[in-house]
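Using the supplied hints, reconstruct the complex from the two chains, each of which is provided in its own coordinate frame.
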Amino acid sequence: MAYALEFDQVSKQYGGMLQSKPVQALNDFNLQVEQGEIFGFLGPNGSGKTTAIHIALGFVRPTRGSGRMLGQRFGHAPTRRQVGFLAENVAFYHLSARNVIRTYGQLNGMRDPILRERVRAMLEVFELEDVADRNVGKFSRGMLQRVGLAQAMVNDPELLILDEPTSALDPLVRVAVRELLLAARKSGKTVFISSHLLSEIEMICDRVAILDRGRVARLGKTSGLLESTNQCEVVVQGVKAEIFPEAAARDGRLYLQAPIAMQRAIIERAWAAGGEVVSVNPVKKSLESVFLELAATHASKKGQGEGE
Amino acid sequence: MRATLLISFNFLRQMRWLLLIYSLIAIAFGLGLALENEIIKSEDVEFFFGQQAFYAVGIATLLAAQANLNERKSRRILGVLSKGIERKDYLAGLLGGVIATTGVFEAGVLLGAVCIIERSRFSFSQVFAAVMLMWLSCCLSAAIAMFFSTFLHPLLAVAGTFILIGSGWAAQRIGTWGNAVFPVYQLNLDANQLLQHARTQPVAIPVALLEIIIFWLLAGWIFERRDIAVAIE
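For the record, the sequence lines run as chains A and B. So in the working numbering, spot 32 of the first sequence is number 32, and the numbers just go up one at a time. So in the working numbering, spot 126 of the second sequence is number 126, and the numbers just go up one at a time.
Just so you know, these hints were derived from the structure itself, not from any lab. In this text, a Cβ means the ideal position worked out from N, Cα and C, and glycines have one as well. Among the clues, some could well be false.
Just some of the chain A residues that point at chain B, by a computed CB distance under 10 Å [claimed, not checked]:
#1 K12
#2 R61
#3 Q82
#4 F85
#5 Y104
#6 Q106
#7 G109
#8 I243
Derived list of chain A stretches under chain B, where covered just means 3 residues or more per stretch with a C-beta under 8 Å from a C-beta of chain B [to be verified]:
#9 29-41
#10 91-100
#11 201-207
Distance windows between CB atoms, simulated [as the list claims (entries may be wrong)]:
#12 K221(A) to L20(B): 52 to 60 Å
#13 K21(A) to I214(B): 37 to 45 Å
#14 K221(A) to L155(B): 50 to 58 Å
#15 N30(A) to A159(B): 43 to 51 Å
#16 S125(B) to G71(A): 38 to 46 Å
#17 R2(B) to M203(A): 37 to 45 Å
#18 L217(B) to Q24(A): 28 to 36 Å
Only chain B is shown next, with the shape it has when bound in the complex (with noise of 0.2 Å):
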């Protein structure tokens, strides 16, 4: 547990440049309607939120898709390992890595949105259980992702990631069983149901954190079996 959390933060601080301008994006977004608007609309905030989403789901799958591939390229990975890691314990740390940065980010557009809650009908609480919702669909997203990428390249991983999440999306439309597959789409709908004060699919939930840990042990499983070190001399 430790040596995996040693490999999250380590993930984490690698990100951290990355992670604030994308943060700061965020709070200045946020700051910018705040000041531009005395009274902000609800489709605002709806557009705010909705567009962060976007890209909080964009960041996850990217980040996870090719963190496994930049840690074999840069070699790193074999030190690592060499340490007596397991490599499902070495994806969880990535994972959590992954995760961790999205939370950031995450904070970020609480933040952002922090400044537009008092020109608004919105609640701090409304706001900050939005939030969590979208934070977990970026960890599922990253977990998809990550699952891909152990043996697929980053780009088909990254493909393959939207595919699952759109199928989520297709099912969702076509019927109401649709919120138990794959539900990213399906949190980031209750997120903006909950500003909405609208019924939310409360099984998503339970949903997204049972297929956050398959995934995670089906990549472990996988990358089990799989070289990580292929150069040849």
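Next up, chain A with everything else stripped away, as it sits in the complex (with noise of 0.2 Å):
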């Protein structure tokens, strides 16, 4: 199967030359992206997602490895024009929102009427109508990324490459973005999304990649990696709160968690007891849980390296 983004043992490193100390961004960094899926890419700061990003796009180029985006390799300028891309902290011609989200649709070697009903129905996806001829120049934050995304679907890509899309947005033009990604990955787009807003990654992507110091940390399905694999939660009512002494109480049941080993101990002591099981479910974590827990092997292995 072709994918639409691989990165093939790619490492990048800055300076190192006649600069003082050279910096490792990316270190045999391997990555196949799907056709047709929403790949989320998160990472601490400092850990290779824009780096990487701009390897796939042909801006920066790898120390060593290559890589191929929609079949061809990287830097491939032909190439980018079936993919849309935001930058983080994007800037643009100081133009009209209507012209700017026009030029750049231009650039793509779009051409009228097509690109006039484009650039309309861009203006309206993203709210940006009754702006549509102010200067962007003048736009907040918010609006400005607005404008960003409408730049980079505008051509409609086959792969959409978005750096940190919804930080600044608010919540109702969030959900409209998000279901335009849903949208897009049901007509066959790929969508990859680097981001640090853990709930909306957590919402909408199938795959979920977690770099740490330029390699992939933990790489798999959403679901997969958000499920604990040893805890379960148990609630039971009509139980004296002694009798599950380590167990939270709320609304006149008690919520216990425990590892799964444990579970068949706890709705027999439960019924023993008189009382009745309400659910018992795999615990799940969050996706924040899963990236706190990295930052926290990573910090705990970086102590350890001092301390040697």
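Okay, structure coming up:
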């Protein structure tokens, strides 16, 4: 199967010649993004997310390794015509919002009447109609981000690469963007999102990669990453709190978290006490907790390294 | 081609206020000369052209040397290149923008010169041809500066450009073959010769046109191999 994005042992080192200290942004980085999926790309600051995106788009050359975007080597300019890209801290020519979207469409090789129709549709989707003729130089960050998304999607791209796409958006527009991305997936497009808004990623991404110091530290289906392997939550009612002193009481029910191996014993204890088991579910982690676990591991490894 | 023109147009648009001021200065200078003197001496006209030629080459060099870095700093370049633009086409767009900007400035110089023509012995066609040569010298300066700016800081790119232009001037002083080397000075000298009905060096024109293309191709080749977004998260 052809991948939408494929990084093969990509490394990137900045500086190191005359500059004091080289920085290893990516280190034998491997990743495959399948066509038609929404892929979340996470990682703490400095983990190499933006560098990976810039390498894919050919803005930066890898020190080692190679990769392909939509079947073509990284940096192949004509392939970028099928890609929509939103950069972090986006900047545009100081034109009206309508003309910015139109200009970027023209740069993409689009022509009227299709271009005119797409510009109108983008202004509508991103709720920019009222400010369409205002200069983007006077826009707030959130408004600029909307214009950025509109220019990225104006050409109806096969692959959308979004670097922090919703960080400055209000909840209403965020919902609209989410729906747009889901609709894009439905029509077979690929979406690659780098974001710090973990709840957004959790909601829409099929797969997630978490980057740590230039390597993929976790990779998998979002649901798989979030599922805890050994914890379950048992909810019981009609039992005195003393029977389960470790439980949290809420609305006349007791909520217990315990290893899955203990599940049967807890249920039997509840029944023996004349209680009723309301539910038994595996505990699901949030993406945030997965992210924090990873950050904690990173910090402890760093501490050990410094100790040695 | 369309994308390149769009980039050029947007560059020109960004420079509109600066351009307006410089062009108005050129026009005002010509107008001032015309109002002050009933008969304008040829030395005054030559001084006017010499001064404007110096400004024009300076503006072209400075704009071209910093255009690339400005676009990178503002991160605007990312959005443009992401639309499938080749880097050499992007540079062509910026160079086209600088050439158009200096073209508008030279149009201002021409307007200033028109004010003087009636009270001097010069004809419009003479002045027009001189301004065209001055513009060509600006185009060459811009191409050289853009070439240097692909691998040097703008200040060093300006220095490098003036060294090359200076070497053309030095070579011209040493021997007759000098007009074949970076003929920025030679073209301005020819503009002056035209006003004096003296003999010019027509070879400077094709040499300049060829060098503009060579410097642009070299700049594109180098720029293709450079990282353009070096910010580390």
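Okay, the hints, checked on the actual structure:
A hinted interface residue such as K12(A) counts as satisfied when its beta carbon comes closer than 10 Å to some beta carbon of chain B; here the least separation is about 9 Å, so the hint holds. Hint status for R61(A) relative to chain B: holds, with the closest Cβ pair at about 6 Å, below 10 Å. Proximity of Q82(A) to chain B holds as hinted, the smallest CB-CB distance being about 8 Å (cut-off 10 Å). Here the hint on F85(A) is kept, as its CB sits about 4 Å from the closest CB of chain B, short of 10 Å.
With its C-beta approaching chain B no nearer than about 6 Å, Y104(A) sits inside the 10 Å limit, and its interface hint holds. Checking Q106(A) against chain B: minimum C-beta separation of about 6 Å stays under 10 Å; hint holds. A hinted interface residue such as G109(A) counts as satisfied when its beta carbon comes closer than 10 Å to some beta carbon of chain B; here the least separation is about 7 Å, so the hint holds. The interface hint given for I243(A) is broken, as the beta carbon of that residue sits about 51 Å from the closest beta carbon of chain B, more than 10 Å.
Remark: the segment 29-41 of chain A is not confirmed as covered by chain B, as 0 of its residues place a Cβ nearer than 8 Å to a Cβ of that chain, below the required three. Only when three residues or more bring their CB closer than 8 Å to a CB of chain B does the claim for the segment 91-100 of chain A stand; here the count is 5, and the claim holds. Proximity of the segment 201-207 of chain A to chain B, defined as three or more residues with a beta carbon under 8 Å from a beta carbon of that chain, is not established by the 0 residues found. Checked against the hint of 52 to 60 Å, the C-beta distance between K221(A) and L20(B) comes to roughly 59 Å, which is consistent with it.
Hint check: K21(A) to I214(B), Cβ distance near 38 Å, so the stated range 37 to 45 Å holds. Here the CB-CB span from K221(A) to L155(B) is close to 52 Å, well matched to the stated 50 to 58 Å. Restraint check, N30(A) to A159(B): a C-beta distance of roughly 44 Å satisfies the suggested window 43 to 51 Å. Between S125(B) and G71(A) the Cβ separation comes to about 58 Å, which falls outside the hinted range of 38 to 46 Å.
Between R2(B) and M203(A) the CB atoms are about 39 Å apart, so this pair conforms to the stated range of 37 to 45 Å. Between L217(B) and Q24(A) the beta carbon distance is about 34 Å. The supplied range of 28 to 36 Å therefore holds.
Of the numbered hints listed earlier, those contradicted by the structure are 8, 9, 11 and 16.
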